[in-house]
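Number of protein chains: 2
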Amino acid sequence: VATGARVTARRAARRETIGEAVFELLAEVGYDQMSMDAVATRAKASKATLYRSWPSKPDMVVDAIIQHFGGPPPAPDTGALRDDLIALTASACEWAQSRDGAVMVGLMSAAARNPDLAETLHRCTHEVRDPTHRTIVERAVARGELPECADPVLLHEVLDAVVFARRLSVGAALDDDFVEHVVDHVLLPVLRNQPGA
Amino acid sequence: VATGARVTARRAARRETIGEAVFELLAEVGYDQMSMDAVATRAKASKATLYRSWPSKPDMVVDAIIQHFGGPPPAPDTGALRDDLIALTASACEWAQSRDGAVMVGLMSAAARNPDLAETLHRCTHEVRDPTHRTIVERAVARGELPECADPVLLHEVLDAVVFARRLSVGAALDDDFVEHVVDHVLLPVLRNQPGA
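Taken in order, these protein sequences are the chains called A and B.
Letter by letter, the first sequence follows residues 1 to 197 in the working numbering.
Letter by letter, the second sequence follows residues 1 to 197 in the working numbering.
Simulated from the structure, these hints should not be mistaken for laboratory data.
This list has only true hints and no planted wrong ones.
Computed footprint of chain A on chain B; a stretch qualifies when at least three of its residues, placed anywhere within it, have a C-beta under 8 Å from a C-beta of chain A:
| no. | stretch |
| --- | --- |
| 1 | 109-117 |
| 2 | 154-168 |
| 3 | 185-193 |
With a cut-off of at most 25 Å between alpha-carbon atoms, the simulated SDA-like pairs for lysine to any residue come out as follows:
| no. | chain 1 | residue 1 | chain 2 | residue 2 |
| --- | --- | --- | --- | --- |
| 4 | A | LYS57 | B | ARG113 |
| 5 | A | LYS57 | B | GLY106 |
| 6 | B | LYS57 | A | VAL29 |
| 7 | A | LYS57 | B | ARG166 |
| 8 | A | LYS57 | A | GLU20 |
| 9 | A | LYS57 | B | GLY30 |
| 10 | B | LYS57 | A | ARG113 |
| 11 | A | LYS57 | B | ASP32 |
| 12 | B | LYS57 | A | GLY30 |
| 13 | B | LYS57 | A | ALA102 |
| 14 | A | LYS57 | B | ALA173 |
Built from N, CA and C at the ideal position, the CB exists for glycine as well.
Could you put together the complete structure from these sequences and hints?
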């Protein structure tokens, strides 16, 4: 049993090393240029080990992302919907401009040409981050700031789309003015005014 | 004078040939891989000619786009805002899935790593297409369907962002259900409910 536990721990550690190697390579060369050979070399693992754990490149990337980012970010809890949304949007903007954000933008771009990657990527980014949006909306509904039918998945969809488009276009700044613009002109109108509300 | 006119016509024709060569290469190899050498070969032009007309690669690409797409698409005119938005969104979705759309998605992705390209690209796509959104909003304001302050630039920003994000994510379909979702749950709430309306 002790040996079994040691083996499990060693496997987990190796998995973590491989995940970080994948994430580094995504940052350095991008999805299209990342080869299993390069991952094996970087992680000092055999290609047999890689293929045993991850039958495809998208699977490996998704695992690396989940490992790198961990669970959902904590939901801001200011006591007021607008302030929660400002904090949420600001952190989405900050993230979009970080190294991690650059990796994800690169992956989204690669996903436009790789349906398999697109599907797993969408699933993992949404599964990881949906709880944050849900918590913000549920608290606002409980305070009477939003109707019962306010939709956290829609919030997530629209926020990510607007920040992502801005990140890709222009040297357009993801600054405080942009954050307020998104919250006051897009997110609040959408959350408060669903048909049948 | 006759000779001058012939020279001008010949130059315009050569410009068009070069523009189409650029667009074809963007579709085939993408922005990053497209070299001035390849453009010169494809268009049967000298590199000196290219550099004389377009000092930089972004300039050349923007010219090719403007030439390829021509002026703004005609605004749908159904007599009702929702139907106009359905038509507008449906054509944005159709376009996003076309060869032309694939070229633009590729350019947007490349733009994430090329601020010069991003800036000129943003300018030309917005300048070309803003009038369509403006016409739809102005007609709706005239019919009393929207408040005076309804913002066509915001419509353009949000519509493009949501369609683009959907195009990049998943094998998520850009189908009729998605079009109605965007219009009823995003665009109409945003257009009708601006702060201070």
